[in-house]
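The task is simple: from the sequences and hints, build the whole structure.
Going down the list, the protein sequences come from chains A and B. Heads up: the first sequence is residues 1 to 212, going by the numbering used here. Heads up: the second sequence is residues 1 to 115, going by the numbering used here.
Honestly, the hints are just simulated from the structure, not real lab data. Positions of the beta carbon are idealized from the N, C-alpha and C atoms, including for glycine. Nothing false has been slipped in among the hints.
For each label pair, taking beta carbons as the anchor points, the in silico distance ranges come out as:
no.: 1; chain 1: A; residue 1: 131; chain 2: B; residue 2: 60; range: 46 to 54 Å
no.: 2; chain 1: B; residue 1: 1; chain 2: A; residue 2: 133; range: 21 to 29 Å
no.: 3; chain 1: B; residue 1: 78; chain 2: A; residue 2: 18; range: 22 to 30 Å
no.: 4; chain 1: A; residue 1: 124; chain 2: B; residue 2: 110; range: 25 to 33 Å
no.: 5; chain 1: A; residue 1: 191; chain 2: B; residue 2: 103; range: 20 to 28 Å
no.: 6; chain 1: A; residue 1: 132; chain 2: B; residue 2: 77; range: 41 to 49 Å
no.: 7; chain 1: B; residue 1: 70; chain 2: A; residue 2: 167; range: 19 to 27 Å
no.: 8; chain 1: B; residue 1: 77; chain 2: A; residue 2: 10; range: 17 to 25 Å
no.: 9; chain 1: A; residue 1: 18; chain 2: B; residue 2: 69; range: 18 to 26 Å
no.: 10; chain 1: B; residue 1: 24; chain 2: A; residue 2: 32; range: 32 to 40 Å
no.: 11; chain 1: A; residue 1: 198; chain 2: B; residue 2: 56; range: 45 to 53 Å
no.: 12; chain 1: B; residue 1: 106; chain 2: A; residue 2: 138; range: 31 to 39 Å
Covered stretches of chain B, going by a simulated chain A footprint (3 or more residues, C-beta under 8 Å):
no.: 13; region: 55 to 69
no.: 14; region: 75 to 86
no.: 15; region: 100 to 111
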Amino acid sequence: MHIPDAFIPLPQAALYWVIALIFIALSLRWARKDLTEDRIPLVAVLAAGIFALQAINIPIPWGTSGHMMGAALAAIVLGSPFAAVFILTLVLIVQGVLFGDGGLTVMGANIINMGVIGGFVGYYGYRALYPVFKSPYPPAFIAGWLSLFIAALATALEMAVAGTFPLELGLLSMGLYHAVIGIIEGGITAAAIYLIHTARPDIMVEPAGVPA
Amino acid sequence: MNTRTFLFAGIAIALIIAAMAPFIASSNPDGLESAFFGIFGAKEIKGSALDEDHAGIAEEEVLGITGNDFSFASPFMDYAIEGLEKFGEAAAVILGTLLVVIIAWGLGKVVSRTH
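Pasting the structure below:
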């Protein structure tokens, strides 16, 4: 759901950048305060894996395709939604500048949708669902699905404000496609958490009362 | 698994995914593009056929709505390296993956060290 430059008028794009910069500053504060030296390899591996996975568009019905965002995964594993903002911002900068994947003037909107909304919905969805299932995997799947679905609806709202999509048709079509793409997001989020947990159970951040 | 092994195993998995990506990825429009083409009449929302001519017109139309004609010539537009087809794309995604590792590692080190 990388928004290209032509989809949002410049003044609105600038406003999204301002909001994104606030969250980027908060993500740097997270890195300064909570990112310990021993978890830097985890950040590097997550960033690499998310970048590579975002290059794999999986076909869904209706002549469409989609890839995971990875924000829920980053936020759950590193125990903070700001970790997702930190990692997704890096990924989006490299994609936009080097590969023309996602616009530059609208990168603020892309950071808000995929990093901020994806990260917050993924993290708090996981925390809310953990006590219900008492296992990390179903909550990771649902939180991953929800993070992508809500980010897609937010994108549809931004398109409506931009005048690019009519509100109702935008929400319906974005919702339809991303309800399916969300299965990819949820599945990979749960699988990656299983792999990381198996390889290094100690490296994941465990929020209070929620063993990851 | 010690941290060094975890790091190298993780990066190796990412690089394998990166190398495979161009060969297995679908070239269908993504969710946002598909919604865009559906709304602008280049495709049915629930159909799979894309009218290429109409898609071009849709891209002109949206420029007329937003007026945002900013363009930037990325060095490897759409992960393409000239003349190298799919292998070029694989090289581009691998390059991007390595760059992301270096930036994440470097920034992580610099920022986390300041506290």
